[in-house]
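Asker: When you line the sequence shown up against the numbering used here, it's residues 959 to 1021, in that order.
There could be a bad hint or two in this list.
[Stated by the list, open to error] Now the in silico label distances, taken between C-beta atoms and shown as ranges:
| no. | residue 1 | residue 2 | range |
| --- | --- | --- | --- |
| 1 | C1006 | V985 | 29 to 35 angstroms |
| 2 | F972 | V1008 | 25 to 31 angstroms |
| 3 | R967 | F998 | 20 to 26 angstroms |
| 4 | E969 | W1020 | 40 to 46 angstroms |
To be clear, the hints were calculated from the coordinates, so they are not data collected in a lab.
Glycine included, every Cβ here is placed at the ideal spot set by N, Cα and C.
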Amino acid sequence: MRITKSIKRFEQVFDKKAERFLWCHPVLGFLAIFIGVPMFVLAGVCICTVVVAFPLAWIFGWL
959 MRITKSIKRF EQVFDKKAER FLWCHPVLGF LAIFIGVPMF VLAGVCICTV VVAFPLAWIF
1019 GWL
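Assemble the whole structure, with the sequences as input and the hints as a guide.
Answerer: Written out as structure tokens, the structure is:
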């Protein structure tokens, strides 16, 4: 139960800081939300795919 409260508190603090950042820097916030976040998601998917695919390719002799 303590971990759940800690995560909720962290989420609330992060939301407040993100909202304050967006109010102070609307252009940077727009770029971060609509360009930065999708780029990080795509990079994460690419890295996870490489971590799974390269060892399998090496095991099956495709490299």
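Asker: Evaluate each hint against the coordinates.
Answerer: How the hints compare with the structure:
no.: 1; hint: C1006 to V985: 29 to 35 angstroms; verdict: holds, 31 angstroms
no.: 2; hint: F972 to V1008: 25 to 31 angstroms; verdict: holds, 29 angstroms
no.: 3; hint: R967 to F998: 20 to 26 angstroms; verdict: holds, 24 angstroms
no.: 4; hint: E969 to W1020: 40 to 46 angstroms; verdict: holds, 42 angstroms
Of the numbered hints listed earlier, not one is contradicted by the structure.
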